[in-house]
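> Line order of the protein sequences matches chains Y and S.
Start counting the first sequence at 0; every next residue gets the next number (numbering that gives the first Met the number 0).
Start counting the second sequence at 0; every next residue gets the next number (numbering that gives the first Met the number 0).
What the hints contain is simulated information worked out from the structure, not anything from laboratory work.
Glycine included, C-beta positions come from ideal geometry on N, C-alpha and C.
Some hints could be false.
Rough simulated footprint, nothing fancy, chain Y against chain S, three-plus residues with beta-carbon under 8 Å [claimed, not checked]:
1. 114 to 125
2. 243 to 256
3. 309 to 317
4. 321 to 329
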Amino acid sequence: MANASRIKILYILMTLTLLFVGFFQSWNVALTIFNLCLISSIMTLGINIQWGNAGIVNFGVMGFAALGGLANIIISMPPTQNAWKVGGEIIIIGLLIFTLSIIFSIIFFKKSNLNNKIKYLISFAFIISGYFIMRLLVDAPIEKIEAIEPAKTGYLGGFNLPVLLSWPVGGLLAAFSAFIIGKISLGLRSDYLAIATLGISEIIIYFLKNEDWLSRGVKNVNGLPRPVPYEIELQSKEWVLKVSDYLDTPITELSSIIVKLSYSILFCTVLLIVLFLLEIAVKSPWGRMMRAIRDNEVSANAMGKNIKQRHLQVFIIGSAIVGLAGAMLTTLDGQFTPVSYQPLRYTFLIWIMVIVGGSGNNFGSIIGGFLIWFFWVQSEPLGLWFISQITTHISDANIIKSHLLENAAHIRLMFMGMILLITLRFAPKGLIPEVKR
Amino acid sequence: MDFLNGITLITNYIIIPGLTYGSQLALGALGITIIYSVLRFSNFAHGEFMSFGAMSSILLSWLFISLGFTLHPLPTAIIVLPIAIMLTISYCIIIDKFIFKFYRKQNSKSVINLIVSIGVMFFTGGLIRFIVGPGDRNFFDGERFILKARAFKNITGLNEGLTLKTTQGITIILSILLVILLFWFLNKTKTGKSMRAYSDNKELALLSGINPEKVVLITWIITGTLACVAGTLYGLDKSYKPFTYLHLVLPIFSAAIVGGVGNPVGAIIGGFVIAFSELIITFAYKKIFFYFLPSNFVPEGLLQILSTDYKIAISFLILVLVLLIKPTGIYKGKII
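With the rest of the complex left out, here is chain S (with noise of 0.2 Å):
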């Protein structure tokens, strides 16, 4: 009995968390590698691209609901989020057309790229907060759980409750869907094949006829799907405020990097790579002990490995070790 409560105290506690949190920052990172790879540059705004996502998704959400479109046991959000993904893909080649084509034009270095994307990152940040405002925002609706705490208790008899939230279900189920359909389209598709050809030897790919304005369209395509989905996953899961968007960009960019940046698979990796570190070293592991050990063995204290406060830093920490260790990342990317 001991062992399967501690088994369902770390499924409650870093297994589902871990498993939410990498979906959302697998995502983020996976725009990240796919501007990176094809238009060679560190995107800073994508942060603010996921919350300019999250923000059209909750703004729809509310017009929906007030029309009396809801889909009960899910999220409006859910309804919404097509439109949502159109309108962020818009925005995103807007800024393209407007800004980064130009420095694309003039082959600038991807430094001055970076700073273009600050540029870009200031402008959307406060357009955001200009619309919606810098507050809070929750806009989850319908049911808050899949499976309660006390019912799993009931079900199965254990002293260790297991919570799955609705929105820890539909972040893990769209994820997944999000990716394969991603992979297939880079690696069965004419499109994504030319795609990948064009990330790998622009040169090349330009000879053999591939359309390199049709090739950056469709990577603003995807990115702006990503950031949409990843941003509003990430709102309905903890709620939606603008200057989190902000802060987020950091542990994307540390698990872009831990994967190896131009690497789609490294960027799900070190999604999860980085959530689940988060969780692992700042959980308090007493109780865990205390289900495993014979009770004298049992130590004092939580037994964490850093408190809960060094969370985020955690994911830079890493960041550090990998720049240090390897820093082609766990998959071999391109080296910046």
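Here chain Y stands alone, though its shape is the one from the complex (with noise of 0.2 Å):
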């Protein structure tokens, strides 16, 4: 029982810790903390049912999460009525025309029996004709799209259906990307996946990116719809007033605690309901089955598993979680921002999270979320506190002590660093270790 009455420690002290910075801080931090917290435990559950349970490696986190986020703008935003005019449909048909080429060559590939030279070139042939016929295609309708009203709309736009159905949607669109990415590089072991999955994820990005008739590319998306009320709104409300004067907080800090708590309850939801899942994929026969072959893949081998289809399935899935995240993430800024999508720097936080939770378990996942996204946002004063009082003794004019106060914001990345290091060497199974069963 020593898990639980961790779990409960550990819970109990992060909640003081969030509550702490609501007393001392301000209510609204601490809520912007412990929204951005629920999101990272969601992701960071779908990074463990792959990596704690089916020991698979996935750096793409960003590339899903990106997908849950153009999972929003496809959804909730209106149409561009003239964007539909001057071409959307031809360039919906030239993808089409690409992607049949691709799938086509595949068939092609798998069904002749040719010598393999003269497979590869034919196939490729396909995919180089479909691309350019694509290119023909979608070439001018793309640049007819783009110079509608650049500064404001310049994309195709989504179906204007509310935003909440964009999470589900989220989660479909990386699920499916998942499924191709898993295709081709599921058969790859660790280390090769690990960097094939990064480099897909990063191909996902630039794509989003550059593609201003998909996303507006660098322009961003901004102004999507919320599912919860507006601040303004609240203020006129009767009920908001009376709580004010009741509370004696000024009506614009209560406005937007209670539009952060709305998204808090939203997220909380959607956390209990995916871990309540995974507990019980966990628990069945199914989990049991991805343990072992996590720990022993020729024996699962000979127990007539098939491996290849238990990864790409357990990798849907973290996946598809993962891309929910994404969409609750960008619905929670209300705006989509390619740039922002740094793979290097955010998968690996995401990672560090499992690995300091403790891989292979949800709960530890849910509190690793907690504890390094609450580090990642306060270290940056933490660094600067730290740096102040070791310079103290040195008079305010020395360049060095400018210098390392101007760079002390830096320091998180140390500290991450030395978490992650710290963990692995210490105590490699995490905060809270995988259930022995």
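From the two separate chains plus the hints, produce the assembled complex.
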């Protein structure tokens, strides 16, 4: 039962820390951190089911998260009417042709009995010609679409549906691309797989950054609809005014707290659902099989388990969860900014959460997500404080001191590195180790 | 004349930049490959090691310039390179002693080592930003060009100019020297042979009395040297910014895998494959067709296969293709 008491202690400590921030910094800050903690822990859960239970290294976190973000645009933004008039359909047709050419070349490659080299050449020729046909069709309409009010729209827009729908759709989008990525790269062993997923997620992000007709690229999509009321609306509501009087807090602050709280409730619900489903999955025979495959692939194979299929399955499930969390993140931000998806930083941050929390334990993942995100946010002021403490005896005019203070914010990267290294060295199983079943 | 103009255009925009960027990638990929073949893990921290090397060169260059030690037509970074290499090697060895050694002794799986190297990457990245800050640093001094476009036009009378930057010249020459030295070391010296033996079959090498700690030490010395030179050259050529080095690690990995991980020749070939395909795929061919085709055949548009925004993504595209078609890489490396 050591684990249960650990879970209790750590969760209580984390709650107290967040409450502490609430009381002494401000409730707004505390809730902002809390919301992002919730999202990080959902992403961590997604990676944990892959790494902790199946031993798959997925470094494509940011790619899937970005796809989730894209779902926000596709679902909730109003369609750009003119864009569809000047040739939105042609783009879809062009993409379809390219996809078909790829599918066709794959089928050809699998079915034909020709010499390998000729097969490669012919399928390659299919794809290349498909690509050029697509370019021929698509180039002109794309230019036209991007020219429609470039400062405001210049993209296809979405379906104008409620934004909450984009969360499951984000998950589905991520799941679909995970299926393709998994087909390509799951045959590879750990190191290759890590680099391949990282590379593919980078391709996804580059695509979203540069295809303005789809996502407005680096111009960002602002003003995504919200699932919760706006602060301004709240400020004119009667009950908000009453609560504000009662609590003696300014109405502007209170309204933004209410907005954040409602986000928290939504995110908590999602987190609990995901956690519940994952716990069932992990405890079920399926979970046992995954762990058997992880621990000894050869013997699991000998027992008649289809390892490739199972790996693909768990890869899709985990990636879908990451995509879901990515969609939630974009909804929370209210805007889609492809530049903010930095694989090398945030992907690995999620990985640090998994490792520190305890790989293979869902409750550990959640606490890992909370703890690391909290540290990531708070280590900037912490670093500043730390540096100013060391340098109190140096005069303010000293160049070294000013330089150190200026760069103190970057100390948080060092913190993160050290946290990961210390965990791996002294507690490789993480804060809450995997349950021995 | 048109033909010569076309050739010059290709040389100027594809061959020279490709050779330069390719050498930088090749040196980086060599470092990753050597770590992989001897220590058996993918070192994600290599980009930051390169950054560390470049940072040492920058700080030392500033020191030397302020003291007045310069070598005018050449950048000061060349003089300080040996000291910077020493610093980088020491850093690598310290990191190995305190971090990687523990996992080597435990015989950890390569994935664990990979995650450890991510920790090292974060730590080193933070350290570097803490020391020089996250901003752009230009540390190039001396003569900027070996051959200027206008001078070339005057000499040859062609329409197209050909430029050769000093940094490009230095990069190519230094890389060739370093690679020759490395291959001589690996193939001809006793230590190099013992290293290869160790990477081929660890148990057998241990049985025949090869000292593993010495092999590891030499591996880090080679890696540190390669990382420092590659990092400094890259920084000299484009300007130094810690963030770009974080991203450089990805094309370098692609280069190593495309060539075949664990195979030094493959790493070099892979570096050039990645560099040239990035340039060839994103190059606008309009002008070339203008020179090579009769004027009424020249098509409209820029004639780019992919827009330049996708430059870095191409390395992954090639990586994915290679993984699909030939997962062992061009030269058969070790299968991970």
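> Hint by hint, note whether the structure agrees.
Each hint tested on the structure:
1. 114 to 125: holds (count 11)
2. 243 to 256: Check passed, 7 qualifying residues.
3. 309 to 317: Contact hint for the segment 309 to 317 of chain S vs chain Y: holds, 6 residues under 8 Å.
4. 321 to 329: holds (count 4)
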